[in-house]
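Protein chains in written order, with the working numbering: chain A, 95 to 411; chain B, 561 to 1022.
Please keep in mind that the hints were generated in silico from the structure rather than gathered at the bench. What you are looking at is a predicted structure, and each value in this text was computed from that prediction instead of being measured. A virtual CB, placed ideally from N, CA and C, is assigned to each residue, including glycine. The reader is advised that the hints may include incorrect statements.
[To be verified] To be clear about the criterion: a stretch of chain B counts as covered by chain A if any three or more of its residues have a C-beta under 8 Å from a C-beta of chain A, and this derived list gives those stretches: (1) 601-609; (2) 832-839.
[Claimed, not checked] Simulated crosslink set (DSBU-like; lysine-lysine; CA at most 35 Å straight-line): (3) A/Lys351 with B/Lys903; (4) A/Lys156 with B/Lys603; (5) A/Lys351 with B/Lys617; (6) B/Lys757 with A/Lys188.
[To be verified] Some chain B residues close to chain A (C-beta under 7 Å, calculated; not the full set): (7) Asp576; (8) Ser580; (9) Ser582; (10) Arg589; (11) Val590; (12) Leu593; (13) Lys612.
As a plain string of letters, each chain reads:
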Amino acid sequence: MTKTLSDTSPLMEDAETIRSGFDSLGYIASKDISTAVYLAYHLEKPILIEGPPGVGKTELAKTVSMYLNLPLVRLQCYEGLDEAKALYEWKYGKQLLYTQVLKEQLGDILKGAKGLSESVERLHEFGDIFYSEDFLEPRPLLKAMREENGSVLLIDEIDKADYEFESMLLEILSDYQISVPEIGTIKAASKPMVFLTSNNTRDISDALKRRCLHLYIPFPNGDLENRIIDSRVPEASDKLRDQLVEFIQQLRGLDLKKSPAVSETIDWARALVLLHADNLNKEVVEQTLNVILKFEDDIQTAKSELAALLNSVKKNT
Amino acid sequence: MQTKLVSFIGALRKHDVRISTSETLDAMRVMALVGYSERDTVKMALASTLAKTKEEKALFDDCFELFYGGERLKINQTSQDNDKAANKENSDVDLQQQIADNPLVKEALDSPLVQMLMENDPAKLTAAMAKAASEVSMEKLRYFTQTGQYSRKLLEQLDTRQIDDSIEQLQGIQDSTADFVIDILQNRKQQLREIAKQQVEEHLLLTANAEGRKLQEDVLRSAKLSSLERKHFDQLQELVRKLAKKLASRHSQRMHVEKRGKLDVAKTLRKNVHLDGIMFETYWKKKRKDQPKVIALCDVSNSVAAYAKFLLLFLYSLSDVIPKVRSFCFSNRTGEVTDLFNKYEAAQAMEMSFKQWGQGSSDYGQSLVDFADICLEQIDNNTTVIILGDARNNHGDARLDVLQKVYNRAKTVIWLNPERRSQWNTGDSEMHRYQSASHFSTECQSLQQLERIVDKLLTLIR
């Protein structure tokens, strides 16, 4: 019998509990996020998280695993990822070794057997040993299924994997079971919480989407971002924090190749603290612009707008 | 509530959000979990099960506002009521009391609708309105012109005659309370009428408009391109973009094919070292498919002016779908417009292509020569050449030899002719000749045909 998570944890009582729990772990979640986690937990459905890079998609899964005190099993997707690397593999080496060892036993086993059919029959008694769970090398997906007390399974950047892999996931995500032809189906000991993340480099198939709840995490608004920085980089002074968040918010309004994400804001705040800056000025910003902007073109664009940006930051904070 | 959720999902589907049955079930489970008490939570929860792309989220938001946006229907206490109430030093409760005290008035008000109006309970009113709406089969409402008819039906269903009857009876009673109640009833009847009208209009916005649009799109899709007018252009642009996107998502899959049958010896050996070199696991040679190259050549001369716009539009959308499209335009000379397409918005890019290459009557011969000069060298056995044009050459030299050169080099040459097949080869049309030097030629009169052709084409070139 599979045990379900839902009747166990008071931590998942309602969305608000989850949100404040995440708060204390340093993950400042919007209401959307906590509601989605709440729903996913109780419906036992995977969540597909989409959004620009660096808004905390992967971080969410990590936080959930910390919050529920469950092991995090992470599967990073890439082109060419296949069953052997994601699901399971047979321990060929061990199988070969055992065959060698058994070879010597073979005489004993077959001793006294009359005719070919009886020998084969005796061998059959041992046949299944080589394809038993002892010889199964679990890969992330199988590992997550086998965790007794449940786990948090993070399938990261699913959009990088091939379509074949996506189709393979369907069985796992809807029934929480894995079919191994030699053994049969392995059911999850306890249903894991599954998070899939996507950067939207390609469309995810409808079949997969249908099985998941969908959560879109956008860039946070100023208020939320301010709280995030406050929790992540508490060393930053209030004034600096207000200014840098305002600056980043303004920057996202520019026409950039890649807008700075939350992770970049955090890095920037740390950098500014290291430089002992207690407010934003032209010099400091110019020095550290490469922390938040990753393209030369973007840096040039920002530099040309710098005075205007700083002015409006001063006005608004 | 469940029926309301189902009809909400119906409305979403009409707005082109794809929702499967299993997602409907999910939505119901979600609602059972979070309840209907908090509007924001309901919205978030439904969004996470029903809208699964960014575009769908936007559509979902709009529909949700329309559908669940309606606060409970309410009849306002007008200032007029209040004034009178104040003058008479009557509060609402006192009024009820007075009515109760006055058996004649009470009798006059003794019909369900009137009582409901007098009680002024928003929940009851909302429920009654919803029930009436389903009884007059509001879902059949399609057109704006029907709003009057439907709001009248709605009121009939609610049986507003009851109000008139009550008023008549009350008029018979010479009493200040009765007069006062008449005023209130008159006012509330008027408000009820307005609410009904508003209900119908909202419904029209939510479902019927979407349906009307769908109807129109269907018409547009199967209409002859030449008969469409300028005013359809915006809609068509939207439609073509949708079409291109649909094709893209269907065809953007798998870029490499495994070539079964050829063992990758080196890789197999390498991967099996830990097995003592026994080739336990085999690896097969993979063949990475080259990205297909598409070159499109579009006639923009006067003879096909009506079509050209749509063909260009399609060409433009195609460049979003297939990464390597080179586009050319010609009437009597040929020029490349790929850069224009990449740089500018659709409408502007097309305007510019027209201006630059669209003047004058068509000269296929010269245009083909130009075309060959520019890019014959780059046509190889992985290239598909699409020519869009009516092949009417004004009795000039057809220069079939040039097209044959292209034909010999390219993987496929496809000729799409906007004229009906029966008109090919009449008058100055050189279609039969050009047909001999193309792998595939077909008529292409409507968007529907265009979609089918390109679908086939994309399968072909991958």
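Results of checking the hints against the structure:
As drawn, the segment 601-609 of chain B meets chain A at 6 residues by the rule of a beta-carbon pair under 8 Å; at three or more, the given contact holds. Evaluation of the coverage hint for the segment 832-839 of chain B: fulfilled, as 4 residues show C-beta separations to chain A shorter than 8 Å, against a requirement of three. For the suggested pair A/Lys351 and B/Lys903, the alpha carbons sit about 16 Å apart, so the restraint of at most 35 Å is met. For a cut-off of 35 Å, the pair hint linking A/Lys156 to B/Lys603 stands: about 26 Å separates their Cα positions.
Among the hinted pairs, A/Lys351 with B/Lys617 is consistent with the structure: their alpha-carbon atoms are about 24 Å apart, no more than 35 Å. For the hint linking B/Lys757 to A/Lys188, the alpha-carbon distance of about 78 Å lies beyond 35 Å, and the restraint is violated. Annotation: B/Asp576 was flagged as interfacial toward chain A, and the flag is violated, the nearest CB pair being 14 Å apart, outside 7 Å. Interface hint status for B/Ser580: upheld, as the beta-carbon distance to the closest one in chain A is roughly 5 Å, under 7 Å.
Interface hint at B/Ser582: satisfied, since its Cβ lies 6 Å from the closest Cβ of chain A, which is below the 7 Å cut-off. About 6 Å separates the beta-carbon of B/Arg589 from the nearest beta-carbon of chain A, less than 7 Å, and the hint is met. Evaluation of the B/Val590 hint against chain A yields a held restraint, the C-beta minimum of about 6 Å falling below 7 Å. At its closest, the beta carbon of B/Leu593 sits 6 Å from a beta carbon of chain A; the interface hint therefore holds under the 7 Å criterion.
Checking B/Lys612 against chain A by beta carbon gives a least distance of about 4 Å; that is within 7 Å, so the hint holds.
When the structure is compared with the earlier hints, violations turn up for hints 6 and 7 and for no others.
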